[in-house]
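Visitor: Listed here are the chains, written in short residue letters.
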Amino acid sequence: MADRKNILDLYFLDARARLIDIAAFMDRVDRADGGDDFRYDAFRAALKALESGKPDRAGKMLLAFSDPTDEPITAATTKAACGAWPGADNA
Amino acid sequence: MRYIEPHGHMVSRTTDDYQAMAMAGCQAVSEPAFWAGFDRSSVQGFYDYFCQLTQHEPRRAAMFGLPHYTWLCINPKESEDLKLADEVLAIIPEFMGSPNVLGIGEIGLNKNSRNEMLVLEKHIDLAASNDQLILVHTPHLEDKRKGTRLILDALKSDSRIRPERCIIDHVEEHTVGMVLDDGFWAGMTLYPETKCTSNRAIDILELYGNERIWMNSACDWGISVPLAVPRAAQEMKRRGSDPGQIDKVIYQNPIEFMSQSPRFTAPEGL
Chain E
1 MADRKNILDL YFLDARARLI DIAAFMDRVD RADGGDDFRY DAFRAALKAL
51 ESGKPDRAGK MLLAFSDPTD EPITAATTKA ACGAWPGADN A
Chain L
92 MRYIEPHGHM VSRTTDDYQA MAMAGCQAVS EPAFWAGFDR SSVQGFYDYF
142 CQLTQHEPRR AAMFGLPHYT WLCINPKESE DLKLADEVLA IIPEFMGSPN
192 VLGIGEIGLN KNSRNEMLVL EKHIDLAASN DQLILVHTPH LEDKRKGTRL
242 ILDALKSDSR IRPERCIIDH VEEHTVGMVL DDGFWAGMTL YPETKCTSNR
292 AIDILELYGN ERIWMNSACD WGISVPLAVP RAAQEMKRRG SDPGQIDKVI
342 YQNPIEFMSQ SPRFTAPEGL
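So the protein lines, in turn, are chains E and L.
Residue numbering for the first sequence follows the numbering used here, beginning at 1 and increasing consecutively.
Residue numbering for the second sequence follows the numbering used here, beginning at 92 and increasing consecutively.
You may find that some hints are simply not true.
Said to hold, decoys possible - Lysine to aspartate or glutamate pairs mimicking EDC-like chemistry, simulated, CA-CA at most 16 Å apart:
| no. | chain 1 | residue 1 | chain 2 | residue 2 |
| --- | --- | --- | --- | --- |
| 1 | L | LYS174 | L | ASP130 |
| 2 | E | LYS60 | L | GLU264 |
| 3 | L | LYS328 | L | ASP272 |
| 4 | L | LYS174 | L | GLU212 |
| 5 | E | LYS79 | L | ASP172 |
| 6 | L | LYS247 | L | GLU264 |
| 7 | L | LYS339 | L | GLU297 |
| 8 | E | LYS54 | L | ASP172 |
| 9 | L | LYS213 | L | GLU264 |
| 10 | E | LYS79 | L | ASP130 |
| 11 | L | LYS213 | L | ASP177 |
| 12 | L | LYS247 | L | GLU297 |
| 13 | L | LYS247 | L | GLU212 |
| 14 | L | LYS328 | E | ASP56 |
| 15 | L | LYS168 | L | ASP130 |
| 16 | L | LYS213 | L | GLU255 |
| 17 | L | LYS247 | L | ASP273 |
| 18 | L | LYS328 | L | GLU347 |
| 19 | L | LYS339 | L | GLU302 |
| 20 | L | LYS168 | L | GLU212 |
| 21 | L | LYS328 | E | ASP3 |
| 22 | E | LYS79 | L | ASP273 |
| 23 | E | LYS60 | L | GLU171 |
| 24 | L | LYS213 | L | ASP249 |
Please keep in mind that the hints were generated in silico from the structure rather than gathered at the bench.
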C-alpha cells in the first residue's frame, strides 16, 4: 500500500499544474466565439467523474468520452479519432 | 536496467534512437507492421515494407547489438479497401518463414467498421492456420472501448485461438480489466497525449498486478518517445517499486510472451 504523503510529495505539484491548465483551457474556450461543440460537452460531462468521490475516476472519465454502442459502423469515413463520441447521428 | 521494447515502429526512427535505446539497456526490439501515415497505393508497397521489416531493419538494429523481431499484417487503417486487404493477406505467408517474424500484428480495429471486422477475422484465421502469435492494436480514444470489446469477441469466437498467445495492446483503465479477465495479455502504450502516461500505467500495475502485462513506447513517426519504457521504469523506482517487479514488467514479461514463438531467443542472462 502506497504512503499517501509520499504520493502527494511526488505528484501534487504536477497535478495542481494540470488542474490549473484545465481551468485556463475552459476560460479560453469561454472567451472564444462559436457555438456548442460535442467535444466540449463531453469534456464537461467527464469532469463530473472527478467529483464522484468513488474509485476508478480515470476509467469513468474515459468511458464518458467513449462510443457507448456495440455494433460495427457501416463504413469508416475517416481514419482519425477526435477524442469524444459525436453521437449516433454523427458517428 | 535491462528492458525489451516490445512495440516500436523502428522504420520511422533514426539510428540515434537505436543508439539511445541500446545505451538505456534495451536488449531487443519487436516491430509490428503498421500504417505508414499515408495509404499505400498497391500491394507492392506492402511487399517492399515486409522486405524492410524482415531484411533491412534487422541489419540496422544489429548495428547496435539489438535483436530485431517483427509482426506482419495490413493495418486496420487500410482495411476499408477489401480488395487491397485480400491482396496483402495473400503475400504474408511468403514472409512468415523469415527468422525474425513472431506472428501476425498489429491487427485489430480503427473505426470499428464492418470491413475492418472482416479483415480482422481474416487475420485471425491466418494466424490460427499457421500457429502464429497475435499482436492486436485497439482503436484510439472514443473508439477504444467498443473496439476492444469487438476484438475480444472476435478472438474468442475462434476456437483455435488461445488467449495466452495474444497480446491486446494500447489498453487503458477502461479496457485493461476486460482484456485480462478474458485471459489475454495486455500491453500499455506510453504515449504523451493519446494513450497511457507512465504514471497511469504504473497505477494500472498497482491495481491489476504484473502478470500478463507489458509496457511499450510504440514509437513511430508521430509524437512519441523511444525511451518511454526506461523512463517509466525510472518512475516505478521513484514510486518505490521493487527492482525485481520492474524487471518483470519491462524485461521478463515480454520474454515470457514472445518466447511462445520458436523464433524468439531470450537475451542471455535471464
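Visitor: Which of the numbered hints are not met once you compare them with the structure shown?
Guide: 3, 6, 8, 9, 12, 14, 16, 18, 22, 23
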